[in-house]
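Using the sequences and the hints given, assemble the complete structure.
Chains as they are written, first to last, in my numbering: chain A, 1187 to 1664; chain B, 3 to 296.
Hints are computed from structural coordinates only; laboratory data are not their basis. Note that this is a predicted model, so its numbers are computed, not measured. Treat each hint with caution, since some may be false.
[Said to hold, decoys possible] Keeping only pairs whose Cα atoms sit at most 20 Å apart, straight-line, the calculated EDC-like set for lysine to aspartate or glutamate is: (1) B:Lys154 to B:Glu127; (2) B:Lys231 to A:Glu1237; (3) B:Lys36 to B:Glu286; (4) B:Lys223 to A:Asp1604; (5) A:Lys1417 to A:Glu1311; (6) B:Lys249 to B:Glu235; (7) B:Lys219 to A:Asp1604; (8) B:Lys154 to B:Glu83; (9) B:Lys149 to B:Asp164; (10) A:Lys1554 to A:Glu1199; (11) B:Lys223 to A:Glu1237; (12) A:Lys1642 to A:Glu1311; (13) B:Lys265 to A:Glu1311; (14) B:Lys279 to B:Asp54; (15) B:Lys219 to A:Glu1311; (16) B:Lys249 to B:Asp207; (17) B:Lys102 to B:Glu112; (18) B:Lys279 to B:Glu112.
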Amino acid sequence: MNQTANKSDCSGELEASLRVPLLALFGGAVIWLVVGLVLGLIAAIKFHAPEFLSACPLLTYGRVAPAANDAVLYGFCLPAGLGVMLWIFARLSQRPLALPVVPVVAAHLWHLGVLVGLGGILAGESTGHLWLEFPRAAAVLIFAAFLLVALSAAATFGWRRERNLYPSHWFLFAALLWFPWIYSTANLLLVSHTLPRGVVQPVIGWWFANNLIFVWLALMGIGTAFYFLPKIAGRSLASSGYALFGFLTLIFFGTWCGIPQSAPVPAWLPAASALGALLSVIPLLALALVAKKTVSGANVACLGGPFCFIKFGVLSFVLSGVLYVSQFCPRYSLILDFTWFGFGVTQWQLLGFAGMILMGAIYEILPKVMGQPLPFPKLARWNFFFFAGGVLLFVIPLLIGGVEQGMQWHDARVPFADASAVALKFLRVSTTGQLLVLLGSLCLLLNVFVMTIQWKLGLVKSVLAYLTSPLAASEVKP
Amino acid sequence: MKTGISIFIAAFVALGASWCGLVLAPSLQLGGAKETVVLQSADHWPQQRTGDATLGLQVYRASGCAACHTEQIRQTGVATEVTVTGLGAHQPDDFGAFVKSLFILPTLVEYTNAIAASLQGWHGELPRTLLTSANQQVVSEMANRLKAIGVKSETRIVPQGDDIIARGWGYRQSVAADYLYDQPVQLGGLRAGPDLSNIGVRMPDANWQWQHLYAPKSVVKTSTMPSFKFLFEVRPVGHVPSPDALKLAADFAPGPGLEVVPKPEARQLAAYLLSLKANVPLYEAPFTPVTAVK
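Here it is, written out as structure tokens:
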């Protein structure tokens, strides 16, 4: 990759080609993030006040909770990730986005799909499979939208001017292949008229969820971090060799996690996942090492800027990843399974890792593609502190509370209700964290929306100016 | 990784391998699963649900009960226990002395404390569990010694694990066969509430289920389960009060002249909950039903 080439002639054209697609992808994504966090907050409040909004079937806990998760994952992480990928592909290819209309159409299809999906869940049309709750119509829209974005990304990649591949390419390219495969498999098998028999259903669901939340988010998040960290630090990625090693071990080992140790399935399945989880520690450490070596000693004042977001994200990736794989250790799973621990880990992955990296990338990318600074740069910094503090406050009590809960279940003298009551104390703190996270996401929403509106006003103004201006002398025929 | 093709191949092989291992192989192994036979019986397992209970599963799915409830019992192993059921010609005291005389047996050395504890404060009440061990040989040795002196005993297979022993949520671990007819399977991943694999055995009364769904706090004071009032209809009492009307305490009743009756969804959901029973021993998950001892 040629670091200095962005200032070349094509740079302006490149950014302009991405303006509308990225606004469409990011704009919707940011709304879904806020929607998901609000739904998550509603779900959490129900634990403190079970009768809160309970009269309305649309907002019963069992619908709001999965809708909240899906809004954050499918509404925010995926489309925002796709937008960031398109930008990185164009940058690395050193050419404008290919087929720029296609991702604009895709973004609208995608957000429509999420709308249909969330509406479906709240209306009771959830499929009942974890992380695949969206009804069929929504899944079809999302799948088609992904293919369209992938088409544009692949075309940009295929017609690249800079032929050399960069580590981010491996990760992001694999991510493009991953999602259509896992999403089509899972939906064709689980969201069809004839479901597979019995426990094959959850097995496929676990395989899918692991490949999406652990592997896909890692491909997208680390691919993005490996582009921005060296860029912002003004140096090159520390070690391509380790990065390649991390990439290969991630896709070969990480894909085998996912089957809980207590699952009522033939014993070889959880055993395969336990082994995969153990080996997945290797890519976590290798990728952490690359990131560490890249940024250590870099003299960048970050103060809540994009660099902070992305560093926090990478740190979250490693820590949440280690906790994630530890759940597949047979000894720990006896205590951790079915407690709040697993929920906490997932939220850390979604918000602390993927969410942080994506927000950092959006703050870095948007001013470039829009050709103007952020409207509220201070809010962007507050966003970091709210979000980082919020995620930790949200997740850490869940982790500790989960362990505590698991230990109490083990003790026959403690009634179930008492063990749950202990967990409630931890939930109280974690709900405060959720509030902070929501506050942070509102800062992002404000920035993105004011920017969009300014741009639209600018467009209107220039059209008006064009219509009302007297003809230029050169255009007047003699 | 110099070219797009090599990334593509690496990703394809990696994901393809896990697809074959975790999607294709389980589908082939379990996709054709059939009913199994209940241990020491000719009954088949699992049984098809009734129409109402089948519909009730859809209410369970649509309401997202699985966000808070699992349907899955875990087990860490099985133990065998020997329970004395008849002393024959012996008196409790001399039986106790006999048992203590066995403590010199090398097989029992590890268990002397546990056995002594099981006879603590015992005055001859039967049945009495004498010894529990994961080692079947130890247990059968004990059973043989008892038989030799004419004491009647039974050996039972008792699954171990917190869900079964500490929580009392089930009789044995859940196995793949239990879910054969579930569409969709609702294993659940979080236990904000108790496991429901055996709720049909634990709470076999549809009226209790309705009352609990309508107002959880009316039956479990400290409950944090949200109410599902929208599955019920509040209506004026007719000439004859509806036989299904919930008998609610004053705090939870809708007011004078009104009654609460379950909508069809609530009926179906209760039928489904009552159908949740994993209380028969299977080849892959054996246990000795408790009734055999009593």
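Going through the hints against the structure:
1. B:Lys154 to B:Glu127: 14 Å, holds
2. B:Lys231 to A:Glu1237: 10 Å, holds
3. B:Lys36 to B:Glu286: 14 Å, holds
4. B:Lys223 to A:Asp1604: Holds. Lysine 223 (chain B) to aspartate 1604 (chain A) sits at ~13 Å (cutoff 20 Å).
5. A:Lys1417 to A:Glu1311: Roughly 45 Å between the alpha carbons, so the hint for lysine 1417 (chain A) and glutamate 1311 (chain A) is violated.
6. B:Lys249 to B:Glu235: 14 Å, holds
7. B:Lys219 to A:Asp1604: 16 Å, holds
8. B:Lys154 to B:Glu83: Holds, at roughly 14 Å.
9. B:Lys149 to B:Asp164: Since the Cα atoms of lysine 149 (chain B) and aspartate 164 (chain B) sit roughly 32 Å apart, the hinted pair is violated (cutoff 20 Å).
10. A:Lys1554 to A:Glu1199: 11 Å, holds
11. B:Lys223 to A:Glu1237: Given that 20 Å is the threshold and the Cα spacing comes to 14 Å, the pair holds.
12. A:Lys1642 to A:Glu1311: Judged against 20 Å, a Cα distance of about 37 Å means the pair is violated.
13. B:Lys265 to A:Glu1311: 19 Å, holds
14. B:Lys279 to B:Asp54: Cα-Cα ~16 Å, so holds.
15. B:Lys219 to A:Glu1311: 28 Å, violated
16. B:Lys249 to B:Asp207: 13 Å, holds
17. B:Lys102 to B:Glu112: 13 Å, holds
18. B:Lys279 to B:Glu112: 37 Å, violated
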